[in-house]
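> Heads up: the protein sequence lines correspond to chains A and B, in order.
Quick note on our numbering: the first sequence kicks off at 1 and runs consecutively.
Quick note on our numbering: the second sequence kicks off at 1 and runs consecutively.
I should point out that these hints are in silico values taken from the structure, not numbers from a laboratory.
It is possible that part of the hints are untrue.
Once the Cα atoms are required to be at most 27 Å apart in a straight line, the calculated DSSO-like pairs of lysine-lysine come out as [to be verified]:
| hint | chain 1 | residue 1 | chain 2 | residue 2 |
| --- | --- | --- | --- | --- |
| 1 | B | 4 | A | 289 |
| 2 | A | 171 | B | 4 |
| 3 | B | 286 | B | 261 |
| 4 | A | 92 | B | 252 |
| 5 | A | 119 | B | 4 |
Please read these numbers as outputs of a predicted model, since none were measured by experiment.
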Amino acid sequence: MKYAFYPGCVAKGGAPELYDSTLAVAAAVGLELVELTGAACTGAGVLSERNPELADTLNARTLAMAEKEGLPLMNICSTCHGVFSQANARLKKDPEYRARVNKHLAPEGLQYNGTTEVKHLLWVLMEDVGPEKLKSLVTKPLGDLKAAPFYGCYIVRPSWVLGYDVKPERKHYLEDLIEILGAEPVEYQGATKCCGFPILTMNRTNSLTMTGTHVSEATEKGADCMVTPCPLCHLNLDGGQVEAAGVVKEHLALPVLHLPQMVGLAFGLDRDKLGLRKNLVDTGPVLEKVLGVGK
Amino acid sequence: MEAKVRVARFDPDGDRDHHYDEYTVQLAENAMVLDALIDIRENVDETLSVRCSCRSAICGSCAMRVNGKATLVCNTPMSRVAPNGEQITVEPMGNMPVLKDLVVDLEVFWNKVKSVTPWIQPEGPKPEREYIVADEHMQNLINTVQCILCGACVSDCTVMEVDPGFMGPAALAKAYRFAADPRDGHKQERLELYTQPGGMWDCTHCFQCVEVCPKGVAPMDWILELRREAEAAGLKDHNGVRHSESLAHSVKESGWLDEAKLAMDSYGKFSDKLKLVPVGVRTILKGKMPKTGPFHHKRPGAEHVTRIFEELEGKHS
Chain A
1 MKYAFYPGCV
11 AKGGAPELYD
21 STLAVAAAVG
31 LELVELTGAA
41 CTGAGVLSER
51 NPELADTLNA
61 RTLAMAEKEG
71 LPLMNICSTC
81 HGVFSQANAR
91 LKKDPEYRAR
101 VNKHLAPEGL
111 QYNGTTEVKH
121 LLWVLMEDVG
131 PEKLKSLVTK
141 PLGDLKAAPF
151 YGCYIVRPSW
161 VLGYDVKPER
171 KHYLEDLIEI
181 LGAEPVEYQG
191 ATKCCGFPIL
201 TMNRTNSLTM
211 TGTHVSEATE
221 KGADCMVTPC
231 PLCHLNLDGG
241 QVEAAGVVKE
251 HLALPVLHLP
261 QMVGLAFGLD
271 RDKLGLRKNL
281 VDTGPVLEKV
291 LGVGK
Chain B
1 MEAKVRVARF
11 DPDGDRDHHY
21 DEYTVQLAEN
31 AMVLDALIDI
41 RENVDETLSV
51 RCSCRSAICG
61 SCAMRVNGKA
71 TLVCNTPMSR
81 VAPNGEQITV
91 EPMGNMPVLK
101 DLVVDLEVFW
111 NKVKSVTPWI
121 QPEGPKPERE
131 YIVADEHMQN
141 LINTVQCILC
151 GACVSDCTVM
161 EVDPGFMGPA
171 ALAKAYRFAA
181 DPRDGHKQER
191 LELYTQPGGM
201 WDCTHCFQCV
211 EVCPKGVAPM
221 DWILELRREA
231 EAAGLKDHNG
241 VRHSESLAHS
251 VKESGWLDEA
261 KLAMDSYGKF
271 SDKLKLVPVG
281 VRTILKGKMP
291 KTGPFHHKRP
301 GAEHVTRIFE
311 ELEGKHS
């Protein structure tokens, strides 16, 4: 299984533990990753807001890079995944639009023909690697750990752009994966809602209220941790949890794992390679529960 | 077919909180969720309150939540929400007070729509006959005109859940409809109003309203269009504009995000920038170092990203 790998900006910047844990899990399940080191930022939806055609052109450039390699594009960020999927849908649907966009790619020797498949690591694990192979790799079942899934808006909506009509099972991949790893998924309302990160600088109170509400609800439902496939959600849920606690006026201390960190734990991978010390909310309680040891 | 329906019930005369009643009814194979609710009311439990009228997805009266998602129940087939005969859950819309069972008080919704002055306010001398508008100037407004004011987008708006003061997707889509109408003479004032707290910049871009709108209005798309209009109209003194400009500048110059700079640039006030200090300190103490080192640098091929920006900046399709 070989993929053009798009790590995104945050995994190379503010969340290096996501990048490291992704490589560790990829090696464990046998994914061969060809990193697209020259790919641009997707614009995280913000660039599409300013100038849709400019954002689509930059994303067509990355899709063309993967197409040139003859590989599907694997990403590790719900937001990047959604932005790519939306751009891909527009480019596949409209050959005239694609031709107009391609004029800007030509000077670099690139052309996008609309054939690239976009897959988040979550989908790669559940659809390409498959539950059976994943189960066979679990050496440290997560036991009685209760994990609250947090998807991130862009991997959930709009559902028709993300293939949920064809593959409705995608709606519960995180819960399914949590079970495969031996843990128990926590059911709560926040799982597919917004983390608040996009408006952190525009309306800090609303943003952190969203974060605090979801973390609080998950905690109340008995979660030992949250797990997310989106590093931007992680920035608020983990990075902003202290401030969110202040806004919702509650004590919050819920570890928030990146998706591959949780998978790696169940696979018994080296904890240092999973970067569990770099999460801002102490992940010690998760390790204690899973491995019976502190950090 | 056999339809199993779990319905949220609330009676203001006596109930302190809602509860659920479960019903099983026999329906035609092509029945809608509304058919199930009407069957329950007519044949099983006449105390059930349901609001509906046209049964043709035109009047917008029957929006409610089916399995947690707002929809018009008159055009939601049972076979879609319960393909294998599963029990479905029907609840009233969110973000609005429940009057009884599945009926909500829409006053909050209407007040928000009214707040955007949802009619054209022309300026200047009146034409002898009607105001003439070229077709191309109305193209952008077609989607917003299709809104049937059902409230589904407001029901599931993630911002309104935490901030009832947010104008919300329906009102902001309506706001765009009039701000962008060439016959209107108050565009600047409108945009200034919608730039205020609770307006266009408080939308999180979460796609909930796009997902649930039964008429394809996609309110979020028009909120984003309002942002472009506001920026073009010179309304730039906002963290939203600073954030957007910094992100674009960073990608243009280096191919990817300079996260630290983006965070600092986004806050206009120095006192707000200081709010970044605690999380910055925690990040450093945890040893989070970017994979590319402490200093932001250009990605390979960044010159092509810069070129694409130069070719397309200022061009908006």
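> Work down the list of hints and note, for each, if the structure agrees.
Right, here's what the structure says about each hint:
| no. | hint | verdict |
| --- | --- | --- |
| 1 | B:4 with A:289 | violated (40 Å) |
| 2 | A:171 with B:4 | holds (22 Å) |
| 3 | B:286 with B:261 | holds (20 Å) |
| 4 | A:92 with B:252 | holds (25 Å) |
| 5 | A:119 with B:4 | violated (36 Å) |
Checked against the numbered hints above, the structure violates hints 1 and 5; every other hint is satisfied.
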